[in-house]
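The primary structure of each chain is shown beneath.
There are 2 protein chains.
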Amino acid sequence: MSKKRVVIAGMGFGGLRAAKKLAGSDVELIMVDRNNYHLFQPLLYQVATAGLEQEAIAYPLRGLTRRWQGASFMLAEISGIDLANKCVETDSGPVPYDYLVVAAGSRTNFFGMESVAAHAFDLKRLDQAEDLRNHILLMFERASSESDPVRKSALLTFVIVGGGPTGVEFAGALRELIVYVLSQDHPGISADETRIILVEAADSLLTAMPGELREYAHQKLTSMGVEVLLDNRVVGATAETVELYGGAVLASHTLFWSAGVAAAELAGSIVGVERGAGGRIVVQPDLSIKGHPEVFVVGDMSSCLDSGVPLPMMAPVASQQGEYAARTILAREQGRTVPPFHYFDKGAMATIGKSSAVATAAGFSVRGYIAWLAWLLLHLYYLIGFRNRVVVMMNWTYAYWFQERQVRLITSRKRRAVSV
Amino acid sequence: MSKKRVVIAGMGFGGLRAAKKLAGSDVELIMVDRNNYHLFQPLLYQVATAGLEQEAIAYPLRGLTRRWQGASFMLAEISGIDLANKCVETDSGPVPYDYLVVAAGSRTNFFGMESVAAHAFDLKRLDQAEDLRNHILLMFERASSESDPVRKSALLTFVIVGGGPTGVEFAGALRELIVYVLSQDHPGISADETRIILVEAADSLLTAMPGELREYAHQKLTSMGVEVLLDNRVVGATAETVELYGGAVLASHTLFWSAGVAAAELAGSIVGVERGAGGRIVVQPDLSIKGHPEVFVVGDMSSCLDSGVPLPMMAPVASQQGEYAARTILAREQGRTVPPFHYFDKGAMATIGKSSAVATAAGFSVRGYIAWLAWLLLHLYYLIGFRNRVVVMMNWTYAYWFQERQVRLITSRKRRAVSV
Chain A
1 MSKKRVVIAG MGFGGLRAAK KLAGSDVELI MVDRNNYHLF QPLLYQVATA
51 GLEQEAIAYP LRGLTRRWQG ASFMLAEISG IDLANKCVET DSGPVPYDYL
101 VVAAGSRTNF FGMESVAAHA FDLKRLDQAE DLRNHILLMF ERASSESDPV
151 RKSALLTFVI VGGGPTGVEF AGALRELIVY VLSQDHPGIS ADETRIILVE
201 AADSLLTAMP GELREYAHQK LTSMGVEVLL DNRVVGATAE TVELYGGAVL
251 ASHTLFWSAG VAAAELAGSI VGVERGAGGR IVVQPDLSIK GHPEVFVVGD
301 MSSCLDSGVP LPMMAPVASQ QGEYAARTIL AREQGRTVPP FHYFDKGAMA
351 TIGKSSAVAT AAGFSVRGYI AWLAWLLLHL YYLIGFRNRV VVMMNWTYAY
401 WFQERQVRLI TSRKRRAVSV
Chain B
1001 MSKKRVVIAG MGFGGLRAAK KLAGSDVELI MVDRNNYHLF QPLLYQVATA
1051 GLEQEAIAYP LRGLTRRWQG ASFMLAEISG IDLANKCVET DSGPVPYDYL
1101 VVAAGSRTNF FGMESVAAHA FDLKRLDQAE DLRNHILLMF ERASSESDPV
1151 RKSALLTFVI VGGGPTGVEF AGALRELIVY VLSQDHPGIS ADETRIILVE
1201 AADSLLTAMP GELREYAHQK LTSMGVEVLL DNRVVGATAE TVELYGGAVL
1251 ASHTLFWSAG VAAAELAGSI VGVERGAGGR IVVQPDLSIK GHPEVFVVGD
1301 MSSCLDSGVP LPMMAPVASQ QGEYAARTIL AREQGRTVPP FHYFDKGAMA
1351 TIGKSSAVAT AAGFSVRGYI AWLAWLLLHL YYLIGFRNRV VVMMNWTYAY
1401 WFQERQVRLI TSRKRRAVSV
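Top to bottom, those sequences are chains A and B. Counting with the working numbering, you get residues 1 to 420 for the letters of the first sequence. Counting with the working numbering, you get residues 1001 to 1420 for the letters of the second sequence.
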């Protein structure tokens, strides 16, 4: 009897953990992704704020398969899944499977606001982080040679939507980039002339965190110079303006959106499955699709209730689900069963700035320097590849001591005129 | 009396050295470049062969101006120079000057062969190195899933034109990438199935080097598995073929061109100057333009006879000319004169592969391990920025010990279908 073939569709946190668990076991493993690397998404915002080079948070997938017996990688765009014929459809042809782990992640949700989708930056892909970095640096170059104070102010106003971890971390990192680096680089621009406005629809930042941490984050950001706008939301945008609910318009050339995610488009192309909020695929307690026990959906694509509560779309959930799906496949092959998936909540954290972060773990709340150090160490730990860890560590150390960020390069291929 | 204004047009090796010399002196210094960074071009081929991240060979120019009194940077595309009115024309408006150092470098010369220009890769800019890396990696991904042996062979055939230092270094680095990394990454591809063909019009490689080094380089490349085709040249190309002089056609999806350079386009837009071979601007013995003693042309744009011999287009010439122009400007301001420019030839070098390079200095020839070590140290020395040196050093050490190159990422935004 030939080995069973397990196909993993998408090599984010969920797919990667599933692959690691299955590697070396008695199955044929095929990893499919549209990129040839695993991306460490939690640090994308640092690429966007010139703190890290993009290569440092990506790891080539063939660097894994070359070490794994029975595992192979396929660079392909997945266009659909034929559940009836057990086949993944890709632009490189069909890939039949015995077991399938669907882990294609999420896309940004602009909730149908076309003007926002057209003008806002979001952070899901490596090239988006590079684009955003180029854009921020270019705004300062333009402002440097801008004589009209109104236009200069608009160039130096940055609107961030979404007070979750991404929005908070990006706001803090951007403020530090401006205070420590860009206002030093540009003699004609003082940090006081710049504005960072963080817009959140709820009545506090980091709503998933305990009250004291929410307040700490709010106070810290405010003291750093970030304007926090609660109970408000962005409803429209042009290239040079951002419209708030109620009609107020901010003059700003930069809108960053981190206020919503939905399941990757692949979720919508799978026929005959139940979909929940954000287009996520509703799964059984063992993460499989109803009627298709050989197909598992993990991570952001999966709508999964744990003790009646829907699980959040975040890396630790995806990782644990990926590992669970792999264990379940191996158990089935050995005729065993496994108990339903249960998420073990290790806590959550967000960094705000230098020596400042918030974290929860096992019911405890930590903030300030200790939380920041924990954040650094955990992110280094979860990064893949020795080289990447060293490069990231080096960049952080360099930035910490020298208050500089050397990756402030405008690498765009587009024409980068500086208008007068 | 207000300070004299010196404008430097182009921040490659020539412009950078001129700026360093003028920084802190009693002039107003304006550095203009279309990029916000200085690029260390000699290592571009290592970015293209996945040996270095692109950020490691670029240094932000504002990182220099923030430390230099009286110096400023302007991100702009230069469209022309109005010699009569002493003004540099840019897309950010005119920049008047008292002294001007023109240092816009060179562009690739395809000698009017449009099909080659349309299909060949060349290495002048950072994004070209990234594009070439993406392309090489993609060829292997495609070959991995290619069942037709003829098409597979064409995907794995790489034609390099030009046996100068760039062609030789690129050929060696590509061969090592294939042998040590890509053939290990792709279980279905052996290094023997791949071809690297280095085409040179002269009867030897590295024609500027002594005979024994030319032979060493030839033998070394051949023993590594590179096919060296002398006395031949490429006359045409399509996306999937390369045509040689005489009509022979190679099936290859990758053509790399390093067989000619000409002055940057800016040289052609300056009215009323004499132009030499490759569109280079003919200069006086003090590197100024005839009739315009306040305008200096340095580096690849400058056609300069030294003891009756035209100087080659290479970094050391540009650096020395940049420094000379700066010294001449300072001397003139103090009412002194300086002797005509004279190039001090420190030698030349090219690396072929791991532990293997050729170098000449002060009439001596060195090859093998010692030359390679000298190459490494000199390139680290000439790189700008402490951080960049550490990153490059780390990548080299990592590649040396682990035979791996982690930056093998396909970061292209284009659709990267793998056809079957």
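For the record, the hints were derived by calculation from the structure and aren't laboratory data. Just to be clear, a hint being listed does not mean it is correct.
As the list claims (entries may be wrong) - Once the Cα atoms are required to be at most 30 Å apart in a straight line, the calculated BS3-like pairs of lysine-lysine come out as:
| no. | chain 1 | residue 1 | chain 2 | residue 2 |
| --- | --- | --- | --- | --- |
| 1 | B | Lys1290 | B | Lys1004 |
| 2 | B | Lys1152 | A | Lys86 |
| 3 | A | Lys3 | B | Lys1152 |
| 4 | B | Lys1346 | B | Lys1220 |
| 5 | A | Lys152 | B | Lys1086 |
| 6 | A | Lys346 | A | Lys21 |
| 7 | B | Lys1003 | A | Lys152 |
| 8 | B | Lys1290 | A | Lys152 |
| 9 | A | Lys4 | B | Lys1220 |
Hint check results:
1. B:Lys1290 to B:Lys1004: Between B:Lys1290 and B:Lys1004 the Cα gap is close to 21 Å, so the pair holds against 30 Å.
2. B:Lys1152 to A:Lys86: Distance of about 29 Å is within 30 Å: holds.
3. A:Lys3 to B:Lys1152: 28 Å, holds
4. B:Lys1346 to B:Lys1220: Holds, at about 24 Å.
5. A:Lys152 to B:Lys1086: Distance of about 29 Å is within 30 Å: holds.
6. A:Lys346 to A:Lys21: 20 Å, holds
7. B:Lys1003 to A:Lys152: 28 Å, holds
8. B:Lys1290 to A:Lys152: 42 Å, violated
9. A:Lys4 to B:Lys1220: Roughly 47 Å between the alpha carbons, so the hint for A:Lys4 and B:Lys1220 is violated.
Going through the hint list in order, the structure does not satisfy hints 8 and 9.
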